[in-house]
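Protein chains: 4
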Amino acid sequence: MCGIAGIVANFEVSGSLYWALYALQHRGQESGGISTYDNGTVHKYKGYGLVSEVFTSDILQSLSGKTGLGHVRYPTTGGSKPENIQPFNFLFRGHSLSIVHNGNLVNTNDLRYEYEGRGHIFSTTSDTEVIAAILANELIHGHTVGEAISFCMRSIRGSYAVIFMLDGVLYAFRDPLGIKPLCLGEFEDGGHIVASESVALDAVGAKLLRDVAPGESIRLKADKVYPRQIMTAKSPAHCVFEYIYFARADSVIDGISVYDVRQKTGFLLAKEAPAGADIVSPVPDSGTAAATGYAAASGIPFREALIKNRYTGRTFIMPTQAKREMAVRMKLNPVRGHITGKSVVLVDDSIVRGTTSRRIIALVREFGAKEVHLRVASPPIIAPCYLGTDFPTREELISNHKSVAEVREAIEATSLAHISLEGLVEAIGVPCSHLCTGCLTGKYPLAIDGEEEESHGIEMIDPYKNPEL
Amino acid sequence: MCGIAGIVANFEVSGSLYWALYALQHRGQESGGISTYDNGTVHKYKGYGLVSEVFTSDILQSLSGKTGLGHVRYPTTGGSKPENIQPFNFLFRGHSLSIVHNGNLVNTNDLRYEYEGRGHIFSTTSDTEVIAAILANELIHGHTVGEAISFCMRSIRGSYAVIFMLDGVLYAFRDPLGIKPLCLGEFEDGGHIVASESVALDAVGAKLLRDVAPGESIRLKADKVYPRQIMTAKSPAHCVFEYIYFARADSVIDGISVYDVRQKTGFLLAKEAPAGADIVSPVPDSGTAAATGYAAASGIPFREALIKNRYTGRTFIMPTQAKREMAVRMKLNPVRGHITGKSVVLVDDSIVRGTTSRRIIALVREFGAKEVHLRVASPPIIAPCYLGTDFPTREELISNHKSVAEVREAIEATSLAHISLEGLVEAIGVPCSHLCTGCLTGKYPLAIDGEEEESHGIEMIDPYKNPEL
Amino acid sequence: MCGIAGIVANFEVSGSLYWALYALQHRGQESGGISTYDNGTVHKYKGYGLVSEVFTSDILQSLSGKTGLGHVRYPTTGGSKPENIQPFNFLFRGHSLSIVHNGNLVNTNDLRYEYEGRGHIFSTTSDTEVIAAILANELIHGHTVGEAISFCMRSIRGSYAVIFMLDGVLYAFRDPLGIKPLCLGEFEDGGHIVASESVALDAVGAKLLRDVAPGESIRLKADKVYPRQIMTAKSPAHCVFEYIYFARADSVIDGISVYDVRQKTGFLLAKEAPAGADIVSPVPDSGTAAATGYAAASGIPFREALIKNRYTGRTFIMPTQAKREMAVRMKLNPVRGHITGKSVVLVDDSIVRGTTSRRIIALVREFGAKEVHLRVASPPIIAPCYLGTDFPTREELISNHKSVAEVREAIEATSLAHISLEGLVEAIGVPCSHLCTGCLTGKYPLAIDGEEEESHGIEMIDPYKNPEL
Amino acid sequence: MCGIAGIVANFEVSGSLYWALYALQHRGQESGGISTYDNGTVHKYKGYGLVSEVFTSDILQSLSGKTGLGHVRYPTTGGSKPENIQPFNFLFRGHSLSIVHNGNLVNTNDLRYEYEGRGHIFSTTSDTEVIAAILANELIHGHTVGEAISFCMRSIRGSYAVIFMLDGVLYAFRDPLGIKPLCLGEFEDGGHIVASESVALDAVGAKLLRDVAPGESIRLKADKVYPRQIMTAKSPAHCVFEYIYFARADSVIDGISVYDVRQKTGFLLAKEAPAGADIVSPVPDSGTAAATGYAAASGIPFREALIKNRYTGRTFIMPTQAKREMAVRMKLNPVRGHITGKSVVLVDDSIVRGTTSRRIIALVREFGAKEVHLRVASPPIIAPCYLGTDFPTREELISNHKSVAEVREAIEATSLAHISLEGLVEAIGVPCSHLCTGCLTGKYPLAIDGEEEESHGIEMIDPYKNPEL
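Protein chains in written order, with the working numbering: chain A, 1 to 469; chain B, 1 to 469; chain C, 1 to 469; chain D, 1 to 469.
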C-alpha cells in the first residue's frame, strides 16, 4: 500500500504535491518523495518519515517546476532500504524518467531475469524499477511513449497504478482490473492532478473529474488530458480492502463513498448479527463509521468505550518493568464509566492475526465489562494478498485455520460475528464479480503461482484501432 | 494547564511516571520532566517535546529510585523558556527539594517581592519557584514540613495542585477550592500515586482511591497515606472547563465522569436548541461526546462531516503559494458525501476567538453544505481566566463584546446556540456554587485584583486541633 | 577552565560575542551561552556543544541589544548538568542580573551555608550562583553596585574573573592575585570588550588596551571605562598553566606572548636536557612551539613524527573487536618514514597521569623508533589545583609519588626530562613570586584547607579613599 | 578525490573498514559507506558526513561479515546527491555486486551511451555506475570475472582505482598509468587489505606489502592474493598532486614518503627562491612540512605566524554585521607577536584561484607584518585536471592567465615564488616521465578531448599469455 500523486499546472506544483501527499499519508508513513521538472532539470527530494517531517518550506521551494509527482511509501516488496524510497529517477540518452507506483506485481522475478539478460542491472529490489526498466528499454529502442506503455502493461502482471514523468511530460496508467485506485482531477486555475484517492484532490482544491479507468493510460497537460484505453477486462476487480480499511473514510473511490460503505456495513452487520448490549463502541479509528451504522440499525446507544490517544509521538519505547503498562494502553484509553458492569458491542474493521483483538477485549474486560461482543465489518481473512496488501502468511492469519467459534474462544469475546461476503458486497453496491476478494475467498482475479484464478478475461486492445495518446 | 504525577512504591518508579505523564499528555505538550530519588541522590531529566520524545529507555533507566514525580507543561505564566520546565530542583543545607505545580497563583508578584527582600533571588518567572521559596524558607528556619505546607498554603492565593519531594519523601497538596484536579491511587503490589487525572492511574494499573480533598495535604508512603486537612471552604469551586474541554474524556474528576458530562450536555443542548438538519457531526475530537448526545436526543443521524487527520506530524509548514491549501484542511478532512446538499449540525465544545469556528463553517460550506447549524457545549466565554486557563484578553474573547446573534453573523453559521449555564451545571450534576464559572459569569471564587469576587469562605483550620501529618 | 566575554558597543553585539566565544572555544567545549540586554529585556540562549553548534544565525539575530556577555564552559565544580550552563540569569525586584565566571572558589560551601540561612535556595551546584547570590543580596539591601562588588570580593576566596550585566550595564572584576586572565579591548567604531584572552579581541577586530588588573573592578560603557581598584596584593599569582597549556598560543596574557613563552621553554629545555637524536618532534598540537624551540637550540632537525588527525568528528565510538585499533591512533598519525630506525625527541607540554605519554611512546616504538626521548615543557605536576584546573587527585598524578626516573620507566621512554621550575620562570620572564605554582610546588598563594599557603598579602583598599566606579 | 578500502580476513571486518576509512577521511568528507558480505547477504550502510558521524557502534555490528569494502567521498563528477554515495550495490541474476571507485573517467559519456543502447538505464550520474554496468554486462553474458575486468579496463579511459566485491569475493584493479594510488597490506592474524593510502593500513595494524601495480588486477583471499597484470605502459603517470596536497603526510605512495617529498620541496624552494626574512611560517596545515624544509635550508627561524583553529565545528554561520569578523579568521589565528614589525616568509602548498592567498596575506599584514613573502611548494597550476582533481576551469585558475609577477600583484605579496617543475620532480625522486603533470604543463598522459597528449604507450597484455587470476 502506497500513495501516489502527479500534477501538471500553470503554477509551481511542489506545494500542491506536498498537500496531496499529506492527504494520502494514511497510505504510507515510512517515507516520502517528490520530483519536479523545471526547464530541463529534474529536482528531487526524498527521505524517511511523515511528509511533514521530510519536507521543509525551503526544500519545497527548491523543487521548482510546473510538473511533478510524489509518493508516500508503506513497504511491501523490497524491505526498508533508502534506495527503495520513491520516486525513482533515471537518466538515459539525455532523457530523464521519474516514476512512482502503487501496487504489487506478481511476475517480478521473471521480468528481472529477462531484463538482466538484456543488460539492465538493478539497484533496488523494488518492482517499480522493473516497470522503469521496461519503459526505458522500449524508449531507447526507438518506440513511442504510447508503445512503451502498451508493451509495459502487456509485460507486467499484478496490481499497479503508475505515474511517470518523461522529460517533464506527465503520464499515468492503471492495471486492467483497476485493483488499486487512481483518480483524475482538475484545477480551476489551470492544471490537472492524478492521485490515489479523491482526498488528495480535496486537499489541493481540485475538482474530481473521474477515476482513471482500469486498463487506461493518460497523458496530462495543464489544459487537457489525452486518454487511451490500452487493455480491457470483462469486469474490474477493485480491491475490497480499500473500502474496508485502506482508504480514508472521506474518499470516493471508483464512484463510491468509502464512509457510506463502512456505515452501511455496520447497518447490515446489526441485522445479520444482532447483540443484546448496553452500548455500541467502535475500535478507533477505523471502526467508527461501521459502529455508527450498527448503533443506528440496532437502536443500541453509540458510546465510545475506547478513546484513541491523541499524543502518541514517534518513539515507541518500552521499559522493562512493564507488566502493568501494556502497549495497547498507550494507544487506546478505556472510558471506565461506559464499561464497568456493561455489556459492550465493539465494532472493528477486520481481524488479521487476532492478537490486537484479544488485547483490546482483555483491556475492556479489565475495566469491568460484563460482556464483550465483537462485530467485524469484514468477512474472515483466510488467504494472503499478492496484490499490494501486507497481510501475513496463511499460518499467521487466524481465520485461515480457525472457525469463527474457535477465533471467538481465542480472543475471549463473549460473541463474535463477521459481516457476510454478501453483506459486504451489498454495502459496496457493485456486483461481487467487480471486486477482488482474494483474501476473503482464496480466489484471485489473475494468475498467481499456486493459487486459484477466477479469470476476468483481460485483453489488449488492437493497437491499430487505438491511436496513440 | 499542566499535568502532574508523583509515585512512591516498592518498585522502580520512572517507568510508571513515564506512562502516567504519557496519559496526561493532553494537559501539556510543550515539555516534560521527571525527578526521582535514590539513596540520597536526585536523578532528573527534562526537555522540550512530547513525553515520548523527551525520554528514552536509557534515560528512564538512569532515573533510578522508588520515589519520584513528573510534569507535562502547557505554558501559562512565565513564557516558553528552558529554565521554566518542571520539575524544579533545589538544594539547601544538604536537603533536596523537587517540586511540580498545576495551576496559577494570583498573588505571585507580592510574594516575589517579599521573598526577594528575604534574600531569595529568582532564576525563573514561574510561580512554582515562589511556592518552592516559601517552603524552603520555612524549612531552613527550622519549621516542620507540615508547618511549611500550612504556611505556604496560607501565603499563596490562586489555583494549585502541588506535588513535592523533600529528601525522597513525597507530599502533595491542593488549593482550598479544589479548582485544579488531583487524585490519589494505589498499586496492587505496593505503592501510591497522586496525579492530575484518573487516566494516569488507569495507565499504570493503579486503583483510584479518591480525590485529594480541597485544602488537603498528604504525605505518601508506599504502604500508607497520611492525610491532613489544612484549610476549609464553604464550598469547592471546581473548574468547569476541566469538564468542558481540558480533561481527557475517560477521566473521572471529583467523582464525575467527564465523558458523561459531555454527552449529557449534548443531550440537553438538543432540547434547549433543536435544529432541523440531516446529520449531526462533531467538530473532532473534543465535540464527539456532546455530538453523540445531541444525535441521540434529537433523533438526527450521527455522521462525521469532518474527520481528524491522523498524521499531522510535528512541523507546521506553509508554502507561500497556498491560497488553495488552507491550514484548517491540514487537520480536518471533510467527508464530501455527508455534506454536499445537506443541512448539518456541528457540535463543538466552545468558542473562544471565533476564528476557528468561522474557518470550519466556511470549509463545510465549501464542500456543499446547505445549512450549517453550530451548537456549542458551553455557555459563551465572556471573561478571562486567572486560575490556570490560557484564555486571551477580554478584547479577544468574541462573546465578551458580541451577542450570540452577532457571533452567528461573524462566523457565518446558519444558526448558533450555546448550552445554558443551568444546562451545563445540570450535566455536571453538582450545585453551581461548587464550580468556578469565572470565565462564563465574570464572578470569581476568590479575590482577584479588579474583578468581582463571590466569596467561598476559605479558612485555615486551627493547627492545634489538626495534628501534623 | 572556562572562557568569558562581555561587550558594550554602539552596534548590536551578539555577532561579536559569538566570534569572541568562538576564539575562546579552546577554554571549554562542553557548552556555550550568550545573554544580551535590549531596552529592558534580557535575551538569552545557551546549549550543549561548540559555539558553532549552539548558535545559528537566527538565534544570534534574536539576541538583540548593544550590551551582552557570554561563556564557554569546561566543567570543573558542579558536574555536567543543563542548569549549570552559563550565563546565569536572575531577576529580583524588577532588576535583571546576568553573570559569567571563570575560576574556582575555595570557600563555596561556607558561603552556600551562609546564604541559605539568609533565605536563598540554590538551583545549581555552581560557585557562580554563590557570587550572584552575594551581589543580589547586597543590591536588594540597598547597597550600591560598587559596594556590592567590594563586599563580594571580600567574601569570596579563590580564582575569579567575573563579568556581569545589571539592568544592561556591564561590569567586570578579577581576583586580587590575577590568577585567571581577563583583558580589556576597544572597538574602533565605539565600544569596549572584556574577555579571558586577547585572541577574543583579535577575533572581533578590537584593540587590546590592557589587562584588567588583579583586584580591579571596572564598569564598561561604549565610550569609556570606569576603573576602581578594590583589593591589592604584594604580588600577583598568575596561573603558570595558562602559559604552559591552557591559553591559545597566539594570546598575550598579562603582557606576555604565550607562544614565545612556550618556544623559549623548548629552547631552555634543550640546554638543560640535551638528547642525541635524529629528529625533534612535537606531540601535537600543544607541544609544537616548545619543539621548535628545542630544535633551534639543539640543532636537531624539526620533523613531525606524529601528525594530528584533522577529521576526528564528534562521536567517539569503539567497536569491540578493537585490539588492533587503539584510541590514540584515532587522533595521532605516526609518520613511519620519520620514525623507523630513528632516535626521536618528543616534546610535550606536561605529564598528568602518564597514561597518554605511555601510549604515545608505545605507538612511536611500534612504528620502529630506535629511541624515544621525552622532553616536557613543564616541571612535574605534584599537587592538585583548587583554583580552576581540572587536575586529578594526588594519587592519580604520576609525578606526585614517582621520581622522574620511575616515571621514565613507567612510560617506557629512553630518557625523560622536565624543564626546571627556574627555566620555566625564566621563559615567562616575571619573578617566580608573581606566579601561582601550586601544582608544581604544593605551595598555594592563598589559604586552602589542608594545604600550605605562601601568603601574597591580599588586602582591601580603604573604601573611603577609593571612590565608587 | 575519494578514499577507498577493501578487506577480507579471518575476522569480522566492519570495525577495521571503519578505521581504514577514518584514516582516509582527508580524501573526502562529504559522505561515507560500507558494504559487507555475510553468508549470502550484502549488508550496507551509507550517509552524509564524516565517517565518525555516519557510523555508530550498532551500525558497525549490523554490518557483519569477513569481507567488505568502503568509501569516503569528495564530489567530482556527479554532484552532491544521495544516490551518488558509494559503495554502489547491484543485483543481477542472483549475484550481488558492490563497488567503490577513486578516480575519474574521461570517456564516461561514450560508455553511458553505449550501455544505454545495450539496455542499462542509469540511476546516477557517477562514472562508477558505468564501470559496474560494464562488469555486470560481461558477467551476465557468461564471461569469467577475469575476462570482465580485462574488458572493463580496455573499455574505460582515465584514472581509476577500483575495489569490488562479487558474491563476497574481493577484487581490485588500478589504471595502467597508476594515476590514483592503491596499496596492498596484510594482517598478522590472517587477512588482506587494499586501500588508497598506506595510512589506512597503519590505522588497522596491517603491514604494507606493496602498491597494486599500474594495470594490475588482484583477487584477495584472507590467506593469499592472486595477482594478474592486465595492461602495461611504457611508464606510469602518478598524480603529482597526491604528493603536493592530497595524500596524508604520513603516507607512503608508490614507495615514496609524502612528508619527505614535501619537506624536500621546501628545502629546494629555499635554494631556488631565497628571501631575506625574520621568520618562516607555514600556511597550516598543508604547508607545514615544506616550511620546515624551507626554514632548515635557509637558516631563517621556523615560527608559526598562523595557528589553525582546532574547534571550527560543523556549521558555518555568518551574521550579517560581519565586516569585522572575516571568514578566514574563523580558521586561522594570527600570532601577533610573530608578525608585528616582522618580515615573514609564508609557505603554502599551492595557489589555485588566488583568493585564499590574498586573504591570508591581508590578514598577516593587518596584524602588522612588514613584508610577506609567499613561497609555493608547487609550480603554477595552469591547466585543469580531468583525472580526479576538482580544479576549477582554466579561467578561474589564476596562474593560467597571469604571470607570477601579476599574481604577486593580485595577491599583494611582497614577493612570490613557486618551486620549479624540475625542483618538484627532484623532490619526488622519480623521472618526470613517470608522473602526471597535466595541471602544471597542460600535457596529459592519455587522450583527452581537446587537450595535448604525451602518450605513455598503454597496451593490453596478450590474454593467452596471461592466465586468469
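No lab work stands behind these hints, which were simulated from the structure alone. Heads up, the beta-carbon is just placed ideally off N, CA and C, and yes, glycines get one too. It cannot be assumed that every hint is accurate.
Only part of the chain B face toward chain C is listed, based on derived beta-carbon distances under 8 Å [to be verified]:
{"no.": "1", "residue": "G40"}
{"no.": "2", "residue": "F90"}
{"no.": "3", "residue": "F92"}
{"no.": "4", "residue": "S96"}
Quiz item: Is the interface hint for G40 of chain B satisfied, with its Cβ closer than 8 Å to some Cβ of chain C?
Solution: With a closest approach of 15 Å, the G40 of chain B hint is violated.
Quiz item: Would the hint on F92 of chain B stand, with a C-beta cut-off of 8 Å toward chain C?
Solution: holds (4 Å)
Quiz item: Does S96 of chain B pass the interface check with chain C, least Cβ-Cβ distance below 8 Å?
Solution: violated (11 Å)
Exercise. Would you check whether F90 of chain B satisfies its interface hint, that is, whether its CB is within less than 8 Å of any CB in chain C?
Key: holds (5 Å)
Against the hints set out earlier in the document, violations occur for numbers 1 and 4.
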